[in-house]
Every structure is written in C-alpha cells, then in structure tokens.
Amino acid sequence: MTRMKWLIAAIIGVLVVVGGAGTAYASYYSDKALPTASVGGHNVNAMNRDELVAWINDQASQVSIDIDVDGTPSKASLADLGVTVDAQASADQVLASSDSVWERFVGLFKRSDYPLVSSTDKKTFNAYMASLVKSVGEAPKSATVSVDEQGAFVVTPGVPGIAIDAQPLNDAVATALQTLSSQAISVSPSTQDPIVSDKQAQKVADAATALVAHSVTISDGIKDYTAETVDRAAWVALPGVDDVEGTPSIDPEAVQAWVDKTAEATNVAPTPAINNVDGAGNVLAESMPGKEGEAVNNSAQVGADVVAALNAGTDYSGSFDYDKVPPPTETRPVMAGYEAYPYAMHEGEKWIDINLTTNRLTAYEGQTVVHDPIAVNHGAPGHETVTGTYHIYLKYEKQDMGCTPEWPYCAKDVPWVSYFTGSYAIHGAPWVRQFGLGSVGGSHGCVNLPVAEAHYVFSWADSGTAVVTHY
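Reminder that position 22 of the sequence shown reads as 22 in my numbering, one-by-one numbering, no gaps.
Everything labelled a hint here was simulated from the structure, so no lab data went into it.
A portion of the hints provided could be inaccurate.
[Said to hold, decoys possible] Under the rule of at most 25 Å between Cα atoms (straight-line distance), these lysine-lysine pairs were calculated in the BS3-like manner: (1) Lys412 / Lys398; (2) Lys261 / Lys199; (3) Lys122 / Lys134; (4) Lys395 / Lys412; (5) Lys350 / Lys324; (6) Lys141 / Lys223; (7) Lys261 / Lys223; (8) Lys75 / Lys122; (9) Lys203 / Lys141; (10) Lys141 / Lys122; (11) Lys223 / Lys324; (12) Lys199 / Lys123; (13) Lys123 / Lys134; (14) Lys350 / Lys395; (15) Lys291 / Lys412; (16) Lys223 / Lys199; (17) Lys223 / Lys134; (18) Lys141 / Lys123; (19) Lys223 / Lys395; (20) Lys412 / Lys350; (21) Lys350 / Lys291; (22) Lys75 / Lys32.
From a predicted model like this one, the values you see are computed outputs, not experimental measurements.
Please construct the entire structure, taking both the sequences and the accompanying hints into account.
In structure tokens, the structure reads:
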C-alpha cells in the first residue's frame, strides 16, 4: 500500500472512530456527487442526479464556437455542429463513485474531473462546414458522370473551389467539451482541386459504357423485345459524388424492373365467359365464350440471367415461359319473353339469328332488331350449314377460300369474312346474282350475303357475338 493510501486509510479510520460524523457523511453522499468531483473543470459537489442532468444540459446549451473565416464571422452551437451531449449518461458517470462507501470517503481527498459523454453526427458537421465555405466562396465540384437522352455516359468537368480545413473546428469542439466553455478560432480558406478529376470520371464513363455494351433480347414466342441503349444505361449504378474509388456496376433491381415491365406487356388477360341465366341461376345460354389468358412465370429467372450475362460481358438472348390463366365466369339475367326467340339473350346483347328455313339473317341487340332481315344463301345439299349456337371467333376483311387440294373450289379475295365455327363463316358473295334462295345454288356450308350486308355484319358484330343457326 502506498504512503498516500495509508494516509487516506488512517484519516478514514479517525472518521470512523468519530462515528456519527462519518456515518452522516457517508449517508449524505450516497446519491450525490462527491466533494472533489467536477465536470469540465466545474465542481459539482453534492449535486444529485436530477440536478446534475439539468446543470449539464444548461452548460452545454451555452457553449458556442466563434469562427472567423478571413474576416467573415460565424457562431455555432454544439447542436449546429451535430454534437449531442448525453447529460444523463454523464451524470451516471459522476455518481458511479458514490455507490461505494469506501469511494465516498476517498472522494474527500481524490479529485476527479469527469468527461462529458457525447456524440457527433458527421452529416450535420459536414453540412456546417459546407456553409462556412459558402460564406466565402464555392466549394470544389468533382467531375461527374451522367446519362444523356440517347443513353450515352457523359462527363461533366470538375471545377476547382474553396476549401476550409475542418481540424481546427474539430479541436475547438473537443476543447469546448473538455472545459464546458465557449471557444474562438480563426481559419483561412484555400483553393482546392476537385476530389474526382475529369480523367477519373472519364474512366468511370468508359467502364459504364462497356458494362452494358452487349445486347439483351427476350422473346415471347412471337415477338422479340430488345433493350434499347437508353434502357441498358438505366441499369448501371454509378459511384456517388466525390467517390474516387467507386466503380460502376449493374443494378439488379433496375434490370428486374425492365424485365418485369416487358413481361407484363406480353401477358394476355383472360376474357371472361358470360352466361345468360334465369332467376334460379340456371344457365340458359352461353353469351360469350371465355378465353384463357397467359402470364409470364419465369420473370425472376430471366432477370437474374440478364444480370449474369452483363456481368460476364456477353450478349443475352432468352425467352419468357407462360402459365395459362383460366377465364372468370360472369352471369347476366335473361330478358323476359326470351322463350319467343331461338336464343335466350340478356338486355342489349348483340346476337345474330340465321333462319335456314326463311333464308334470312337478322341482327339483334337484346330483343330489338337493329338491321332489316338480310336475304341469304346457305349450304347446298350435301354441304348443309351446321345448326346450333356458336360465336364469331375470327374475322378477315378479305380471304382466299378453298384454293387448296382438299377443297374442290377456289374463291379469291372473298370479302368481309366472319367465322362462327370451324370453317363455317358469314361472308360476302359477289359472284351470287340472287339471295334468299337458301340451299338452291348454295354454298359449301357458309352463309352468303350481298357484299354490303356482309360488310355491315363484319363491322357491327364483335368477336364472341352469338350466332344462332336453325330451321
């Protein structure tokens, strides 16, 4: 044991002998700063925790740094510089010595100056330094790389500017925290070159160009989709401003966004099936057949493969795969009185009635005739027109019919063709002199109309429009 420790022990022994006084002292300082405790050089004797916290906060709020930049004055608080003083942690640090009876007695003779517990937000500090520079001039601007409207990587040259050394201000903050007192400094700006030079930026631009120089093409099985130069340029993540060591890289999220957008454009939404139902929900007629849709199922894999190809410096050619999407089914209530018609229609529904006995075609919307009945010819004996309820599924403005070995005829440029099932169609027949004869001199099964009337049906009827053929 050192001589000083022997002396302290001896004095404490005397206090213990004195008895009451020692006990009172030890009890009083059990939750207070010891007599010789100080913070930032300021004695805090006998302050409890709440008093210490309040005092530290008050003192810290009064501390400021006066800064002279070549005659331009500025004043900054600790908060302005991003410095936060943790008064509660600082107080706990001071009071930790009061936890031990031995330390309380030692505290009569041992001086302790406790540092403040603090932290600094570098972003706020750097922003203040930038404002100092702004007060006397412009900071240097690094050369940067950007993408122009054509997808080329171009360099914006750097510009020299004013810089201020931050170390004197850092030192002043450290002293202010150590002493809990305001400080004053003087600094002089200097001219500084850009952090990133034009040459360094051009190197980044060249690397970025090379990174997406290869082609990227995706097929949907029918059409190819090739990423344009502007598309590929958007896939490059460029280094941040003032990042000297940074290099360009492929951004997987940007690539995936383009792939997903392209996939979405190739998806085919299903066409709802529409059924006409009675009051009990029974299906009386299929108004509109549903049609399956298609949805890409490998977009994520394609995106990953594109990224891998670009990083490997190779072209990419791939294709989308699809899942079938079943059509939803909707219902429409049939119109009252539908029993008087060959078809159970819903309100406003387009449908075509072809009566093979009267040799007439009638266009309806609901139960309203929207065009005068049209005289038609239909399938000749042995080539009778089919009967039933069908739907228009394919249309041509003109088409060669027959004209292949399996057909015994060839009709060129048949106009306004609307197929309703298999090879059976409603179409114009410019070679026919008289209509309304039915099967007499009839067709190979199609329903023949005057050209103008066939044009009307072609234009009026939608894909999916019901066609009812009957005797």
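Practice task
Below or equal to 25 Å on CA atoms is what counts here, so check lysine 412 against lysine 398.
Solution key: 9 Å, holds
Problem - Pair hint lysine 75 and lysine 32, alpha-carbon separation not exceeding 25 Å - result: Violated - the C-alpha atoms of lysine 32 and lysine 75 are around 35 Å apart, more than 25 Å.
Practice task
Below or equal to 25 Å on CA atoms is what counts here, so check lysine 123 against lysine 134.
Solution key: Measuring from Cα to Cα gives roughly 16 Å; hence the hint holds.
Problem - lysine 141 paired with lysine 123 [C-alpha distance capped at 25 Å] - result: Answer holds: lysine 141 to lysine 123 is near 18 Å, not above 25 Å.
Handout entry: Restraint check for lysine 395 with lysine 412, where alpha carbons must lie at most 25 Å apart
Key = 16 Å, holds
Practice task
Mind checking the alpha carbons of lysine 75 and lysine 122 for me, to see if they're no more than 25 Å apart?
Solution key: Within the cut-off at roughly 18 Å; holds.
Practice task
Would you check the hint for lysine 223 and lysine 199, treating anything up to 25 Å between C-alpha atoms as holding?
Solution key: 42 Å, violated
Problem - Hint consistency between lysine 261 and lysine 223 [alpha-carbon to alpha-carbon, up to 25 Å] - result: 15 Å, holds
Practice task
Given the hint that lysine 199 pairs with lysine 123, test it: the Cα-Cα distance must not exceed 25 Å.
Solution key: 28 Å, violated
Exercise for the section: Decide if the proposed pair is consistent with the structure: lysine 350 and lysine 291, CA atoms, cutoff 25 Å inclusive. Expected result: 18 Å, holds
Practice task
Below or equal to 25 Å on CA atoms is what counts here, so check lysine 141 against lysine 122.
Solution key: Satisfied, since the Cα-Cα distance of roughly 20 Å is no more than 25 Å.
Practice task
Measure nothing beyond the straight line between the CA atoms of lysine 350 and lysine 324; if it is 25 Å or shorter, mark the hint as holding.
Solution key: 29 Å, violated
The structure fails hints 2, 5, 6, 12, 15, 16, 17, 20, 22 (numbered hints given earlier, in ascending order).
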